[in-house]
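Undergrad: Okay, here's what each chain looks like letter by letter:
2 protein chains.
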Amino acid sequence: MAFLTNDKLVIVGAAGMIGSNMVQTALMMGLTSDICLYDVFSPEGVAEEMRQSGFGDVNIVATTDAAEAFTNAKYIISSGGAPRKAGMTREDLLKGNCEIAEGLGKDIKKYCPDVKHVVIIFNPADLTGLVTLLYSGLKPSQVTTLAGLDSTRLQSALAKHFGVMQSKVTGCATYGGHGEQMAVFGSQVKIDGKPLNDLISEGKLTHAQWEQMKTDVTKGGAKIIELRGRSSFQSPSYLSVEMIRSVMGGEAFRWPAGTYVKNDKYQSIMMAMDTTLDTNGCTYRMPVGTAEEMDKLDASYHHLCEMRDELVTLGIVPPVAEWSKLNPNL
Amino acid sequence: MAFLTNDKLVIVGAAGMIGSNMVQTALMMGLTSDICLYDVFSPEGVAEEMRQSGFGDVNIVATTDAAEAFTNAKYIISSGGAPRKAGMTREDLLKGNCEIAEGLGKDIKKYCPDVKHVVIIFNPADLTGLVTLLYSGLKPSQVTTLAGLDSTRLQSALAKHFGVMQSKVTGCATYGGHGEQMAVFGSQVKIDGKPLNDLISEGKLTHAQWEQMKTDVTKGGAKIIELRGRSSFQSPSYLSVEMIRSVMGGEAFRWPAGTYVKNDKYQSIMMAMDTTLDTNGCTYRMPVGTAEEMDKLDASYHHLCEMRDELVTLGIVPPVAEWSKLNPNL
Chain S
1 MAFLTNDKLV IVGAAGMIGS NMVQTALMMG LTSDICLYDV FSPEGVAEEM RQSGFGDVNI
61 VATTDAAEAF TNAKYIISSG GAPRKAGMTR EDLLKGNCEI AEGLGKDIKK YCPDVKHVVI
121 IFNPADLTGL VTLLYSGLKP SQVTTLAGLD STRLQSALAK HFGVMQSKVT GCATYGGHGE
181 QMAVFGSQVK IDGKPLNDLI SEGKLTHAQW EQMKTDVTKG GAKIIELRGR SSFQSPSYLS
241 VEMIRSVMGG EAFRWPAGTY VKNDKYQSIM MAMDTTLDTN GCTYRMPVGT AEEMDKLDAS
301 YHHLCEMRDE LVTLGIVPPV AEWSKLNPNL
Chain R
1001 MAFLTNDKLV IVGAAGMIGS NMVQTALMMG LTSDICLYDV FSPEGVAEEM RQSGFGDVNI
1061 VATTDAAEAF TNAKYIISSG GAPRKAGMTR EDLLKGNCEI AEGLGKDIKK YCPDVKHVVI
1121 IFNPADLTGL VTLLYSGLKP SQVTTLAGLD STRLQSALAK HFGVMQSKVT GCATYGGHGE
1181 QMAVFGSQVK IDGKPLNDLI SEGKLTHAQW EQMKTDVTKG GAKIIELRGR SSFQSPSYLS
1241 VEMIRSVMGG EAFRWPAGTY VKNDKYQSIM MAMDTTLDTN GCTYRMPVGT AEEMDKLDAS
1301 YHHLCEMRDE LVTLGIVPPV AEWSKLNPNL
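Line by line, the protein sequences are chains S and R.
So that you can map any letter, position 75 of the first sequence is 75 in the numbering used here, and since no number is skipped, the others follow by simple counting.
Numbers in the numbering used here are just positions in the second sequence, counted from 1, shifted up by 1000.
None of these hints come from the bench; they were simulated from the model.
As the structure is a prediction and not an experimental result, all values here were calculated from the model.
Please note that the accuracy of each hint is not assured.
In the DSSO-like style, the derived pairs of lysine-lysine whose C-alpha atoms are separated by at most 27 Å in a straight line are [as the list claims (entries may be wrong)]:
id	chain 1	residue 1	chain 2	residue 2
1	R	Lys1085	S	Lys85
2	S	Lys139	S	Lys262
3	S	Lys190	S	Lys204
4	R	Lys1168	R	Lys1219
5	S	Lys325	S	Lys106
6	S	Lys214	S	Lys204
7	R	Lys1219	R	Lys1204
8	R	Lys1074	S	Lys160
9	S	Lys74	R	Lys1160
Just some of the chain R residues that point at chain S, by a computed CB distance under 10 Å [to be verified]:
id	residue
10	Ala1015
11	Asn1021
12	Ser1053
13	Gly1054
14	Asp1057
15	Gly1220
16	Ser1237
17	Glu1242
Using N, Cα and C, we set each Cβ at its ideal position, and we do this for glycine too.
Only chain S is shown next, with the shape it has when bound in the complex (with noise of 0.2 Å):
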């Protein structure tokens, strides 16, 4: 079997319902030939489901210890956050996660400092991500966040709603925070090769179903539990293993990734923006919208801030101004 490489991949998180889906799909899409499975709880019994599935040449290895998970790891995915459970909010998990996110910095930091890219899932992953990557010391384009389900969200609800294949909608984005707050992006939109804004100047969406479709697509991940009566987990894991195949070399990532910002407007934060994923880690440019577009971007920043300053009360992070005490590369 030919791998994309044989750096070590680290699933943490890999005994969950995400984590073990991320096992199989790495293995499945070939990325690795070293694929190592680290979870507080011990993911044996995934590791055996994979081996009985007759992946021939991969070294499959399960650990509950840190050490042994991280030393000479090159690629890592984690969803090892705690679960987001019905009725609650990205933000509940804040305090929690971000803890967690915290003590997987450090582990970076202490066992694997040559990494060479990190995706972070847990939610709020825009501030898990951003933890990580402070405690970790990694440069930014090192990091990233799962973003991408909203953007995949509006193209499944637009390819609905227009009664047309998903891969004739493009231009689908949504930027900013990955939480209720996020801007969701219309004015790229095409259907078919038809700007979204004509069809809708004709009427074929109307304005108010316009709108209770970015709305709907904010609130996407509680569509899913209300469906299936759990979390999602397949698509955030396929997503966010397609994110490392990219930056491993393989077949480019086509959805806004999570990224840290520190520009002109924005500063210090962990956020969705017009992103490329290659060997070279994340690059990103500012997205190009419509005002209102660019006004509901800002909006997600200043949500993103206040909730990254409540960090900082909490104590789960310095101010700002010392962040390039613990990281210079911020």
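Once you have looked at the hints, place chain R on chain S.
TA: Just chain R now, kept in the frame of chain S:
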């Protein structure tokens, strides 16, 4: 995206852990552009997760309606049985799931008599597969059951013992039933090119270790429950989708499948044989083994016959002599 086929694939039990994993696995393998998720519980949440994974050119339908699901179906994989619950006897499970299999067979006959292939994996699969075949009216080559999981368990155990990659362990096979009465065949196994029997003679694997390993293989499912706190779902899903891929014309399936057997020695039973899955469906040969292994296979066959006869007693299937009235292909 290139697909193996544009024929309709139906995943039965798609709302469950195994079924939802099958859907994702089939989409990742690019099997077909037309996939239908069917379950008595709504599989809409699973369909949404798949759409939100961004598989572009696929028509993903979720339904609880048998007519919608099976009409025009060309391939079916079913994990749609009921799990064994506390207080249920083995016979309760046998009766309940074989009645579900009867319903599935009748749905196939009614809605998609032109289906090309059906893979059955809900337990006891040897019996549910047999009942499905009987009531569907399909040819024996068109219905197979999951049996390969026992062979991969043997391969994995041997790879661990000898410290080699699984791909270096060849010729692993278990035949007969998928339950604890299966026949584990070791005489064709090679480790890195060297016959297992030679390694046993040299004491590299003691007779006691080998006997224990064979017993462990037959109890592999219970081991996963012990390790994960739940039944295996990723490995049965993955292997069964590999089976349907091979009959669609994709990569060859590397493990034994359960198939309907009628030869000089064994009659009117579904069990794992030395099989080939391709676009002609399933063909089989008698396994090659030592006298002791063939005795084990005989014993497994007789155990399956007892369970089949229990189905006759329970009134789920008519006496074997009358089967050809229900299905002229038998």
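Undergrad: Each of the hints needs a verdict: does it hold here or not?
TA: Status of each hint after checking the structure:
A C-alpha spacing of about 26 Å is found between lysine 1085 of chain R and lysine 85 of chain S, which places the hinted pair at or below 27 Å, so the restraint holds. A threshold of 27 Å between alpha carbons decides the hint, and for lysine 139 of chain S with lysine 262 of chain S the separation of about 12 Å falls inside it, so the pair holds. With a CA separation close to 13 Å, the supplied pair lysine 190 of chain S and lysine 204 of chain S stays within the 27 Å bound. Our distance criterion of 27 Å between C-alpha atoms is met by lysine 1168 of chain R and lysine 1219 of chain R, whose separation comes to about 24 Å.
Between lysine 325 of chain S and lysine 106 of chain S the alpha-carbon distance is near 14 Å, which keeps this suggested pair within the 27 Å criterion. Simply put, lysine 214 of chain S and lysine 204 of chain S have alpha-carbon atoms about 16 Å apart, close enough for the 27 Å limit, and the pair holds. Among the hinted pairs, lysine 1219 of chain R with lysine 1204 of chain R is consistent with the structure: their alpha-carbon atoms are about 23 Å apart, no more than 27 Å. As the CA atoms of lysine 1074 of chain R and lysine 160 of chain S are separated by approximately 25 Å, the hinted pair is consistent with the 27 Å bound.
Distance check on the hinted pair: lysine 74 of chain S and lysine 1160 of chain R sit about 25 Å apart at the alpha-carbon level, within 27 Å; holds. Because the beta carbon of alanine 1015 of chain R sits about 8 Å from the nearest beta carbon in chain S, less than 10 Å, this interface hint is met. Hint status for asparagine 1021 of chain R: holds, given a least beta-carbon distance of 8 Å to chain S, under 10 Å. A hinted interface residue such as serine 1053 of chain R counts as satisfied when its beta carbon comes closer than 10 Å to some beta carbon of chain S; here the least separation is about 4 Å, so the hint holds.
Look at glycine 1054 of chain R: its Cβ gets to within about 4 Å of chain S, closer than 10 Å, so that hint holds up. At its closest, the beta carbon of aspartate 1057 of chain R sits 5 Å from a beta carbon of chain S; the interface hint therefore holds under the 10 Å criterion. Taking 10 Å as the C-beta contact cut-off toward chain S, the hint placing glycine 1220 of chain R at the interface holds, the least distance being around 7 Å. A least Cβ separation of about 9 Å between serine 1237 of chain R and chain S falls short of the 10 Å threshold, and the interface hint therefore holds.
Restraint check, glutamate 1242 of chain R versus chain S: the minimum CB separation of about 8 Å is within 10 Å; hint holds.
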